[in-house]
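Numbering (my numbering), first residue to last: 9 to 676.
Honestly, the hints are just simulated from the structure, not real lab data.
Beta carbons: idealized from backbone N, C-alpha and C, even for Gly.
All clues stand as given, with none of them false.
Here are the simulated lysine to aspartate or glutamate pairs, EDC-like style, with alpha carbons at most 20 Å apart: (1) K417 to D453; (2) K599 to D587; (3) K78 to D227; (4) K663 to E497; (5) K483 to E644; (6) K106 to D17; (7) K417 to E244; (8) K289 to D342; (9) K541 to D566.
FRET-style restraints, in silico, Cβ to Cβ: (10) K471 to S269: 32 to 42 Å; (11) E374 to P470: 50 to 60 Å; (12) R525 to D662: 27 to 37 Å.
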Amino acid sequence: MAEESEVIDLLDTAVSTMGGQNRPGQHEMARQVVRAMESGEHLLVQAGTGTGKSMAYLVPALAHALGSEKPVVISTATLALQAQIVGRDVPRLLSSLKDKLPREMDVALVKGRSNYVCQYKLGGGYPDDDEGALFSMDSGTPVAGGSSDGPNSALGQEVVRLREWAERTNTGDRDDISPGVSDKAWRQVSVSAMDCLGAQKCPMAAECFSELARSRAADADVVITNHAMLAVSAFEGLAVLPDFDTVIIDEAHELQDRVTSSVTRPLSVTMVQTAASAARKHCSVSVDALNQGAKALARSLEGVPTGLMAKGLNEEQQSALNQISEAARVVLSDSKAEANAPADGGRQMARSQVMYLVEQCNKMLEMTEEREVIWASRPGHFSAGEGYVQPDESTQPTLNVAPLSVAGKLREGLFDGRTVILTSATLAIGAAFEPVAGTLGLVGDGAPTWNGVDVGSPFNYPKQGILYVAKHLPKPGRQMSQETLCEIEDLINASGGGALALFTSRRAAEDAAEILRARLDIPILCQGESSMKALVDQFSAEPDTCLFGTMTLWQGVDVPGNACRLVIIDKIPFPRPDDPLSSARSRDVAKHGGNGFMAVAASHAAVRLAQGAGRLIRSVNDKGVVAVLDSRLATERYGTFLRASLPPLWATPDKPTVIAALERLAEG
Numbered sequence: 009m010a011e012e013s014e015v016i017d018l019l020d021t022a023v024s025t026m027g028g029q030n031r032p033g034q035h036e037m038a039r040q041v042v043r044a045m046e047s048g049e050h051l052l053v054q055a056g057t058g059t060g061k062s063m064a065y066l067v068p069a070l071a072h073a074l075g076s077e078k079p080v081v082i083s084t085a086t087l088a089l090q091a092q093i094v095g096r097d098v099p100r101l102l103s104s105l106k107d108k109l110p111r112e113m114d115v116a117l118v119k120g121r122s123n124y125v126c127q128y129k130l131g132g133g134y135p136d137d138d139e140g141a142l143f144s145m146d147s148g149t150p151v152a153g154g155s156s157d158g159p160n161s162a163l164g165q166e167v168v169r170l171r172e173w174a175e176r177t178n179t180g181d182r183d184d185i186s187p188g189v190s191d192k193a194w195r196q197v198s199v200s201a202m203d204c205l206g207a208q209k210c211p212m213a214a215e216c217f218s219e220l221a222r223s224r225a226a227d228a229d230v231v232i233t234n235h236a237m238l239a240v241s242a243f244e245g246l247a248v249l250p251d252f253d254t255v256i257i258d259e260a261h262e263l264q265d266r267v268t269s270s271v272t273r274p275l276s277v278t279m280v281q282t283a284a285s286a287a288r289k290h291c292s293v294s295v296d297a298l299n300q301g302a303k304a305l306a307r308s309l310e311g312v313p314t315g316l317m318a319k320g321l322n323e324e325q326q327s328a329l330n331q332i333s334e335a336a337r338v339v340l341s342d343s344k345a346e347a348n349a350p351a352d353g354g355r356q357m358a359r360s361q362v363m364y365l366v367e368q369c370n371k372m373l374e375m376t377e378e379r380e381v382i383w384a385s386r387p388g389h390f391s392a393g394e395g396y397v398q399p400d401e402s403t404q405p406t407l408n409v410a411p412l413s414v415a416g417k418l419r420e421g422l423f424d425g426r427t428v429i430l431t432s433a434t435l436a437i438g439a440a441f442e443p444v445a446g447t448l449g450l451v452g453d454g455a456p457t458w459n460g461v462d463v464g465s466p467f468n469y470p471k472q473g474i475l476y477v478a479k480h481l482p483k484p485g486r487q488m489s490q491e492t493l494c495e496i497e498d499l500i501n502a503s504g505g506g507a508l509a510l511f512t513s514r515r516a517a518e519d520a521a522e523i524l525r526a527r528l529d530i531p532i533l534c535q536g537e538s539s540m541k542a543l544v545d546q547f548s549a550e551p552d553t554c555l556f557g558t559m560t561l562w563q564g565v566d567v568p569g570n571a572c573r574l575v576i577i578d579k580i581p582f583p584r585p586d587d588p589l590s591s592a593r594s595r596d597v598a599k600h601g602g603n604g605f606m607a608v609a610a611s612h613a614a615v616r617l618a619q620g621a622g623r624l625i626r627s628v629n630d631k632g633v634v635a636v637l638d639s640r641l642a643t644e645r646y647g648t649f650l651r652a653s654l655p656p657l658w659a660t661p662d663k664p665t666v667i668a669a670l671e672r673l674a675e676g
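The task is simple: from the sequences and hints, build the whole structure.
Below you can see the structure in the form of structure tokens.
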């Protein structure tokens, strides 16, 4: 490992060569990262927006990798940051340091198998998802100017373009095809990890893009991946990543949720029926018992309401799952291929679906209230004028099982025997790192030692921005009030546009956009009307345009300058009261003598509120207003706790003061 001073010199060279300048906190963060790598002590480092944290960990990562036999792994939560690191930050960094490093450095990217083209599927080794209809001359809606000698549907043309691209790509990575393709088209040329034949059986293994990517990663100095892959490595012990002893986790505030999501598994009657149909078709075995199990499960779930199943499975449901598990085991036994049988993608796909049934039935049957949570979910519909999704109770439910906490598994599978560096702009709540650390397994008996550091921000928040809490508005309900709509209208009128309006539900965003378009002579974009990238690009390019959206926009949107001078937040982003995991976790905290609401719901809201407010000030020249239209931030006791997580903007509840400030900003 290079000396701390040497790493700082490399960082200064890189930043200077790339035309930037050292920012407050960047040196300190780099030093903390170096010290953690040297000592082996885990590090939680909060680095405010504008710190330049990517460079502050990338340079130490390269320096550490020079003297290590194992690669340094860097994990992100979002594809956007992953693409930024691989496509922009790393190439520029390596170019700037080419005369300073003793050798060339190899940085590799590893994603899940379904992100890569499957060569065997391209060659017809798997059945088409749409039973061949995709390639028929009359499938789908014809595209104007479509060829008369090939697929003329929009979907068909996407697949033709995919196949042509697959002939010349060096990576097989979905993100490398431009323009992008739909999920339905991509499924025609990719397989999941479950459906993959594996390197030992696949006749195209030597040309497999996924295997080649993993092979490159094994020899790389630095490996870029995502939280889901980390979860597979930590929870399932699968060798999806090369052996590593140092990992840097960016967007670490998302780690708990991303890991939980990646290990949450559903089971439904339809899934059982689909697996049975695939086994009958591709394995030529009897599936009568499996279909009987599906019927038993359907009967056992009649009348089960959507939401947390606090008492777990009843006897009838357990019996149905046992029936499905036993029938699935018989199907697996009957469908085994002979030792020298040729590869068969259809058989593998069918068997993987049946194997999934066995695994999930057993997981649900073996679950305990102390370790796992089970709940029923259903497709939903919007109630007129309401900002939430109401489940359609007339449909069959899907059972879902997830761990109550991922802390223990992360402690055992990720933190044990490795040095882990976690960073984010919103990692501490107030000045405390313990709430986030606790969710990750770093607090409690036997927890490893760690250090928490806040390196600050280069921004002068009190001079650059105003925090306006609309204390006079009524407490928000399920339906947005007329007073709140009028408040949004007044604020946007004063700012002349340039507003990023963040809502806690998709329906609220869409309703507000529709109503205010009729009232305002200002362009309003709304999430879902185009791709997220196109919407953000247009919002950035048009200073008087507004963008309305939901949780996707609460983080990762970087629009410096006057184009974003007003951020509106409709509600405190608490988890929904009926969210099964949050409810179960709150109950568990309370059972052990804690405050479930503060530990779970309020902590969740604090981090997301800080992320949303963080969209405003993105550079040292930015100015504007964050307007929170939820009076509870000012009136409820937990408001102080939530405000402690926000950037230290100058705060006021006085609307005339805020309107005047926005009018000055609108004038330029």
